[in-house]
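Here the protein sequences come in this chain order: Z and L.
Per my numbering, the very first residue in the first sequence carries number 1; after that it's consecutive.
Per my numbering, the very first residue in the second sequence carries number 1; after that it's consecutive.
No lab work stands behind these hints: they were computed from the structure.
A virtual CB, placed ideally from N, CA and C, is assigned to each residue, including glycine.
Some but not every residue of chain Z turned toward chain L, in silico, with C-beta under 7 Å:
1. P36
2. A59
3. V88
4. P180
5. W227
6. A254
7. G262
Spelled out, the chains give:
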Amino acid sequence: MTSGGIRPGTIKRAAAASALFALTLFGGVAMANPQPGQLNMTRGASEWSPEAYFLNNVALGVCVVIGILVFGAMFIAMFRFRKSRGAVAEKWSHNTTLEVIWTTIPVIILIVLAYLATGGLRTFADTTGSQMTVKVTGYQWKWRYDYVEYQGKAIDKVGFMSKLDRESDETRQLNSGLDPHNVKVGDENTYLLNVDKPLVVPVGTKIRFVITAGDVIHSWWVPALGWKMDAIPGIVNAAWTNIIEPGTYRGQCAELCGQDHGFMPIVVQALPKAEFEKWLAQQQAAATPPPAQPAAPAPAPASTAAAPKTAAVDAPVSQGHQG
Amino acid sequence: MAHAATHDHHDHDDHHGAPKNFFVRWCMSTNHKDIGTLYLVFSLLMFFIGGSFAMVIRAELFKPGMQLVQPYFFNEMTTMHALVMIFGAVMPAFVGLGNWMIPLMIGAPDMALPRMNNLSFWILPFAFSLLLSTLFLPGGGPAGGWTMYPPLSLQGDSVAYLVFAVHLMGISSIMGAINIIATILNMRAPGMDLLKMPVFVWSWLITAFLLIAVMPVLAGAVTMLLTDKYFGTSFFNAAGGGDPVLFQHIFWFFGHPEVYIMILPAFGLVSEIIPTFARKPIFGYKAMVFAIASIAFLSFIVWAHHMFAVGLPLGGEIFFMYATMLIAVPTGVKVFNWVSTMWGGSMTFETPMLFAIAFVILFTIGGFSGLMLALAPADFQYHDTYFVVAHFHYVLVTGAIFAIIAGTYYWLPKWTGHMYSETWGKIHFWNSVIWVNVLFFPQHFLGLAGMPRRIPDYNVAFANFNMISSIGGFLFGASQLIFLGVIVHAVWFSKKKAPDRVWEGAKGLEWTLPSPAPYHTFDVPPVIHDDELAHGHVED
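Based on the sequences and whatever the hints tell you, model everything.
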């Protein structure tokens, strides 16, 4: 069930040809996280994200072609029909054939675009058949992740807050004197795009997110997953992803939520399944320490995860409907 | 009438000109020209105030890191910039142009309801004093975005100020709209049939109906915010059984027609200016009118395309996506018709024409990004990013505001009796059109790369385009001072007298009047000669 029913591949490929100009113009496949000088949308790293990317490219291509025709005609008119070149104004002000043509052609183009877009919407809306559920709760100004279920087994007490990392937070203070360019993880600049504790998920798994908020409206957005979904107090929205490539994917809150709206990033760390399962087992073990066993050694493998908080605070969800 | 011919030579009798007393003339005026001037001056003032907020925004975003303002103040700036520009600059400018020109274009002596006209203007300074005063109060200004989404907007301390200011603006707009409808439907000179009216008058007639339909909806939405904040109701409070998304539905049921309220009169203006300078009647007059009407109709059934990410059911997403895409058809017809009007003409490129042509090209670019945004799966990525910011600034700045500037240059000689400086007008144009693109075009890239809107600081990956955008912003802002200079020069210093028919190819009743237009015009209805009208003799 992961891929849904409608996949108009052939039409898409045909439409892709018309987007070729745009693609060459905008050069290559963009990386998952924002790059300096990036001109186009990311292709993303999930099963669904190419839908948005593809539709973007097709629509852009259509617009570029129409733009060339319309603006081309305008510039020709501006050079040919100048009074200074002795042009004499003609008298006509109507042409039924032309008007029918330029009403019909856009309608046909729109029908094609609508067909492509509808396919993408239907696959996006299908959250059934998921193999994992994560609850995402937005707060001013941090995210909370609760692992609800994995491979049909309920998970208890694995959940934590995720907020802006300390280095970014110190640097972003007004007149901090610190240079945002120095906030790095390895070679990657992570200023305002890093958190103290990322959401860890497995690749190759259809993950269902249930998304809500505890105070005001937020929006959970990781461009590499291809979508954003509003986190609304009192409402539980659902969305899904199936990440293909392991990696670290960064995003931000995308709905104005107060003074620190710009400072509540999202980091998703996608691990191979086996590693994820090891990580999850650690979290569960840490969450439920064996009773009265003083010397129980913590699981040894050094993961990036810090000791999790086990707060089981539920978001104040008073009603729910799904998107 | 005893004074059949007095309107173009001031003589002896009781047919008075403008009152000499400044207060009486400007504060107590019921004259459509004076009130139109008041609206336009007010709008220009608000344009510079709203623009100064934009300068703060672009200065903070000049490079990564927080250098100038605290994040909360940044949010106040984005919120106030939008409110001031939408309700203070663009809308009053169109009302001002309508006030000045509609009676002149349809051969009416004044607006139908002159005292209400005075009231609808004089509400505005109070509304904006109320709104802007919040910036000097301890609680600060509204900072929840101009869309005022609860629960966030209810966290502010200035909710009451914001709500009452919006109420006042709404009352002003509704009265203005009633006045325009009453004038157009009742006061046209004999022979000025509906389908002979200038497109600008048509666009305003349709816009006025939109205003009457949706301003009360906005008033209802903000009133519910007020009672949620201060009177313990729970319209939008989930804990009390309300629904925060309900507000968004109500707001955008107002908000989307509002978008067209700000662009339909611009269509009208451009449809007057291009035929004049192409010296050729507008192509497809009736199609232009029907396109405006169908865009107005569609504006009521597309509101939830602003809400593709709130978790609408699949059927809702599909309906609003299809309906939104449909708008491209009438809008396309308008663009094609403007190009066809130019085709086969005999064009000259005075400043109004330059701004009108820039409008057609740049508004169309805004339309293209609008079409992309309409595609819901792609909008899951675009939504609430700088791509959206680029989109609506293309349609509002290079769309609505360029059309307003074009209209101002077009009729300024008729208003003042003097020609503005064509050289400085062209300098203003070229600076505006270059810098506005430097300002807004890179924002498409920022949005596509993943920069959310309404953030005061950003990752260094977004640094280069933000700096380019800010430089464009500062220079575009500075270019508008040239505009101010050109207007001041034309009003008080220009020596060059304007002829009655200011532009060689200009048609329409306003050009049969002297320049400057006398204080009272068309006391006696003019005799309409169809070939005098821009669209009087078309058969299509």
